[in-house]
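A.B. asks: Letter by letter, the chains look like this.
There are 2 protein chains.
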Amino acid sequence: MTRQQLFENIIRKQSFLCVGLDTDIKKIPRHLLEEGDAVYSFNKAIIDATADYCVAYKPNLAFYESLGAKGLATLEKTVTYIRQTYPDQFVIADAKRGDIGNTSEMYARAIFERAGFDAVTVAPYMGEDSVKPFLLPDKWVILLALTSNKGSLDFQMTADANGERLFEKVLKKSQEWASDEQLMYVVGATQGKLFSDIRKIAPNHFLLVPGVGAQGGSLKEVAEYGMNSQCGLLVNSSRQILYADNTEKFADAARRESKKVQEEMAEYLQWITKEK
Amino acid sequence: MTRQQLFENIIRKQSFLCVGLDTDIKKIPRHLLEEGDAVYSFNKAIIDATADYCVAYKPNLAFYESLGAKGLATLEKTVTYIRQTYPDQFVIADAKRGDIGNTSEMYARAIFERAGFDAVTVAPYMGEDSVKPFLLPDKWVILLALTSNKGSLDFQMTADANGERLFEKVLKKSQEWASDEQLMYVVGATQGKLFSDIRKIAPNHFLLVPGVGAQGGSLKEVAEYGMNSQCGLLVNSSRQILYADNTEKFADAARRESKKVQEEMAEYLQWITKEK
Numbered sequence: 000m001t002r003q004q005l006f007e008n009i010i011r012k013q014s015f016l017c018v019g020l021d022t023d024i025k026k027i028p029r030h031l032l033e034e035g036d037a038v039y040s041f042n043k044a045i046i047d048a049t050a051d052y053c054v055a056y057k058p059n060l061a062f063y064e065s066l067g068a069k070g071l072a073t074l075e076k077t078v079t080y081i082r083q084t085y086p087d088q089f090v091i092a093d094a095k096r097g098d099i100g101n102t103s104e105m106y107a108r109a110i111f112e113r114a115g116f117d118a119v120t121v122a123p124y125m126g127e128d129s130v131k132p133f134l135l136p137d138k139w140v141i142l143l144a145l146t147s148n149k150g151s152l153d154f155q156m157t158a159d160a161n162g163e164r165l166f167e168k169v170l171k172k173s174q175e176w177a178s179d180e181q182l183m184y185v186v187g188a189t190q191g192k193l194f195s196d197i198r199k200i201a202p203n204h205f206l207l208v209p210g211v212g213a214q215g216g217s218l219k220e221v222a223e224y225g226m227n228s229q230c231g232l233l234v235n236s237s238r239q240i241l242y243a244d245n246t247e248k249f250a251d252a253a254r255r256e257s258k259k260v261q262e263e264m265a266e267y268l269q270w271i272t273k274e275k
Numbered sequence: 000m001t002r003q004q005l006f007e008n009i010i011r012k013q014s015f016l017c018v019g020l021d022t023d024i025k026k027i028p029r030h031l032l033e034e035g036d037a038v039y040s041f042n043k044a045i046i047d048a049t050a051d052y053c054v055a056y057k058p059n060l061a062f063y064e065s066l067g068a069k070g071l072a073t074l075e076k077t078v079t080y081i082r083q084t085y086p087d088q089f090v091i092a093d094a095k096r097g098d099i100g101n102t103s104e105m106y107a108r109a110i111f112e113r114a115g116f117d118a119v120t121v122a123p124y125m126g127e128d129s130v131k132p133f134l135l136p137d138k139w140v141i142l143l144a145l146t147s148n149k150g151s152l153d154f155q156m157t158a159d160a161n162g163e164r165l166f167e168k169v170l171k172k173s174q175e176w177a178s179d180e181q182l183m184y185v186v187g188a189t190q191g192k193l194f195s196d197i198r199k200i201a202p203n204h205f206l207l208v209p210g211v212g213a214q215g216g217s218l219k220e221v222a223e224y225g226m227n228s229q230c231g232l233l234v235n236s237s238r239q240i241l242y243a244d245n246t247e248k249f250a251d252a253a254r255r256e257s258k259k260v261q262e263e264m265a266e267y268l269q270w271i272t273k274e275k
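From first to last, the protein sequence lines stand for chains P and H.
Numbering-wise (numbering that gives the first Met the number 0), the first sequence opens with residue 0 and increments by one.
Numbering-wise (numbering that gives the first Met the number 0), the second sequence opens with residue 0 and increments by one.
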């Protein structure tokens, strides 16, 4: 999917919501456990319930890997289901990978060729040659810049002798590797006004924003400080939608929650459509 | 496995070799492809051929994930085989994981509980709460400090206002999270004399050292600058051993290669046994 297509989907659906499929078998409604592949049944119901209100899905690979080979099969089935049923959805592998060249190539093969994702989250610590193998035609790298967790303070905020912080160095350096047609950044919703600092360095890039909801970030603040003229935001929500209800009505609750977020997003999107 | 047990294995076997199981289905001898699970057959033969000459195995998860659910099943079978047949081997998941707390917990579950590894490589970018969920009883975290690849220059060498480089900050900060009984570091063999700088900050920790062989690092230099009184090194070799020969005699060739490395290591180990 191109940047332009993604933007068109956002305007058409009046949403920049990404639904995080962090499906935890311990948290899904009990009645599903009687089915053959409970996690897949859950995902399918969540996807059908939310597809009208979001533009992207983001399965979190850890949750599938914790179930072993069976979990990986569930992941592949889930991606295939989205691809076939909702081909306009952008599908992100939340994997936080990154290794030496020949190994990153293998991860890229796993995520893009085998599982069929559009994008993958990548950790920048190992530098250029660990990131480049993921930059395949029509595929996106979403590089960690400033994450939503408390540990983001440990290294990402460290300033060099010129006052440039590590996350700023990552934003600058990585723009030498790919354009904003293939590169996005992860910026946590909890970072508030730091979005302005990020927009100084990466005005046009899409940002994938986790941390609204369970982690405490504010959607309004993210939109205020992070939105650009092509929206430039994919805001993720996982637990708030997935586990809105744990009875047989979980899918209805997920639909309501995602619709609520979409409606709030539609308000913020007026800011850019009015500007035109 | 405790630090002391690992050291005793090193002295008894006169080796600090870790064999990297980066098994690439495109590189293994063709005749194996006729078997049901060619990668497993290859791994089993390599393990049987090298177990006398190494103290650790390090499957690289990317290579298994690139084969999908089937690959993950092969990985689990491989770890189980090592566990049951060679229980004195230290088994490392080369995964370079690291994510927010609830996700790192899921990765820890996948790697330790399900697959049965002793240790996992973790990327430090997301800080303390991304690393801590891996610090489970009797398990090890091997944190990326200074990697073997060219991209290690991009961010790891960046100095802050006090001249402290990022890899040094990672070494210092992470020692607040766990002791050297549960924490090791990845330091690339290509880093030569920088091992001395690392030993100033982490004198007692074990270092997992990739980059000897195909990547060009020198075993002698690593031993000279990196060894401590309890050895403190696990030097990895993958391609040089795995693909020493691609005929039906591949296992014999792997045995010869690993024996050669072990014999060189035995020489360097005299430095510490003589000191005693």
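One or more hints might be untrue.
Distance ranges between label pairs, derived from CB positions [to be verified]: (1) H:E175 / P:N161: 23 to 29 angstroms; (2) H:N161 / P:W270: 38 to 44 angstroms; (3) H:D159 / P:E180: 51 to 57 angstroms; (4) H:Y80 / P:I24: 49 to 55 angstroms.
Calculated from the structure, these hints are not laboratory results.
None of these values were measured; they are calculated from a predicted model.
Don't be surprised by glycine CBs; every beta carbon is placed ideally from N, CA and C.
A.B. asks: Hint by hint, note whether the structure agrees.
C.D. replies: Hint by hint, here is what the structure shows:
no.	hint	verdict
1	H:E175 / P:N161: 23 to 29 angstroms	27 angstroms, holds
2	H:N161 / P:W270: 38 to 44 angstroms	42 angstroms, holds
3	H:D159 / P:E180: 51 to 57 angstroms	33 angstroms, violated
4	H:Y80 / P:I24: 49 to 55 angstroms	27 angstroms, violated
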